[in-house]
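Engineer: Residues per chain, in single letters:
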Amino acid sequence: MLRVLVRAQKAVGLSALVLVTVSLYMVFVYAPREATGDVQRIFYYHVATAWNGYLFIAMVALSGLLYLVRKDEAWDAAGRTAAELGVLFISLTLILGSLWARPIWNVWWTWDPRLVTTLILWFIYVAYLLIQAGAEGSPRLKRFAAVFGIVGFLDIPLIHYSVVLWPRGIHPSVLRESGGMPFPMLLTMIVSVIAMTLLGLYLWGRRLEVEELKQRVQRLKEQLLWP
Amino acid sequence: MKAYLRAVLALAAKDALLERKSFETLIATASFALLLAVVFHFAFDIASAEGARFFPGALWTAILFAGTIGMARSARVDEVEGRGRGAALAPVDRSALFLGKCLFHLALLAVVEAAAVPVFAAAFALRGMALPHLVILGLFLGTWGFAALGTLLAGATAGERATGLLLPVVLFPLLVPVILGGAAVVSAGVTGEVTAATGSWLRLLVVFDVLFTAVPALLYESLMEV
Chain A
1 MLRVLVRAQK AVGLSALVLV TVSLYMVFVY APREATGDVQ RIFYYHVATA
51 WNGYLFIAMV ALSGLLYLVR KDEAWDAAGR TAAELGVLFI SLTLILGSLW
101 ARPIWNVWWT WDPRLVTTLI LWFIYVAYLL IQAGAEGSPR LKRFAAVFGI
151 VGFLDIPLIH YSVVLWPRGI HPSVLRESGG MPFPMLLTMI VSVIAMTLLG
201 LYLWGRRLEV EELKQRVQRL KEQLLWP
Chain B
228 MKAYLRAVLA LAAKDALLER KSFETLIATA SFALLLAVVF HFAFDIASAE
278 GARFFPGALW TAILFAGTIG MARSARVDEV EGRGRGAALA PVDRSALFLG
328 KCLFHLALLA VVEAAAVPVF AAAFALRGMA LPHLVILGLF LGTWGFAALG
378 TLLAGATAGE RATGLLLPVV LFPLLVPVIL GGAAVVSAGV TGEVTAATGS
428 WLRLLVVFDV LFTAVPALLY ESLMEV
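Chains as they are written, first to last, in this note's numbering: chain A, 1 to 227; chain B, 228 to 453.
These are computed hints drawn from the structure, not numbers from a lab. Ideal Cβ positions, reconstructed from N, Cα and C, are used throughout, including at glycine. Each hint can be trusted.
Going by beta-carbon spacing under 7 Å, a handful of chain A positions derived as facing chain B: (1) 120; (2) 123; (3) 144; (4) 166.
Take these sequences, add in the hints, and give me the full structure.
Structural biologist: Pasting the structure below:
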């Protein structure tokens, strides 16, 4: 699966380029202007980055599980790089949400359940990267990172439920309430999500290739030093 | 099953016995928790009317801070003195090692809480608790989840350079349900205002405890293998 991602990166990259361009057109021209004004257009990328964040942290857990079962270094690299992208996309989600919240809610930040869950997710995967930062050459810490990625992922529903129980909610649930949205907006959202997912997968493929090259350099060095 | 439980109890008793030689971890953990009661009292300048509002959160903060230090220390001593490797030779399932250690940490924290609760009640000028059994239940369920995840992560970080720094950073984000739920249940027990949400909090804590006792028990083997 990982090899496929590295091999197909040209195709993935090209389709990402095309779709991101299309989604830019759709977000800024095709999608109708909503009642709250142009700032609503942030929503399309906000949803897309949030979806990518969840996708990559799911990949962290999956890679961790496969690493523990198969003990293949490639899965450790997959988990580490997926976590980097997860943190990147969660950061973007938080920043885009904050930019939208300032004119709409009149605050940069509020302690709404979804915001808090996302922030805690960010903390969990920054912690994961901290573990990985010291894990070079330590199989024990690599296994710990894998376990932590799995435990962290299982914790997400509980964190979300606990923060929902904590009574402060104002985040709109566009998809569940208010009968959805007009078709052009829905289509724009779907295209943006697919475009961003392709972009994310392309970045992951590039990042995995770098890891492969690093390992090759390492092997060559060892061959030169101890032939 | 019976033999398994006996092994878990024996492993916990082994840790308790070692602790009884000096009470080093217990004294450090408990005194830090009590010290925090004094620090919070002065830092928040608690008037008696507000005491009940801040008591649950302050108590949980102290338990988490002190407990993290206690578990990190206990795991560190195991690592340095090679006790972990010694216990690993025991002819039992690896999950028993985890559960034994977890039980020991739970007992350690229970002793710390028994000392901390009266001191915090005094520092926050609490005039009695409406439902003491609910306070105890909230503390027990929260501490169980804390001990389970803490044992897993403390054991895994013990051998590393940045042990003391890494443990709270990796542990606290995962503990959000325990912090919120534990504080909510203790708060309901102090004020006597039990609502439907209190039931939900209790269920959430039970789910958290069972999940994070079972999953680490399953993963412990692959984590600790040499």
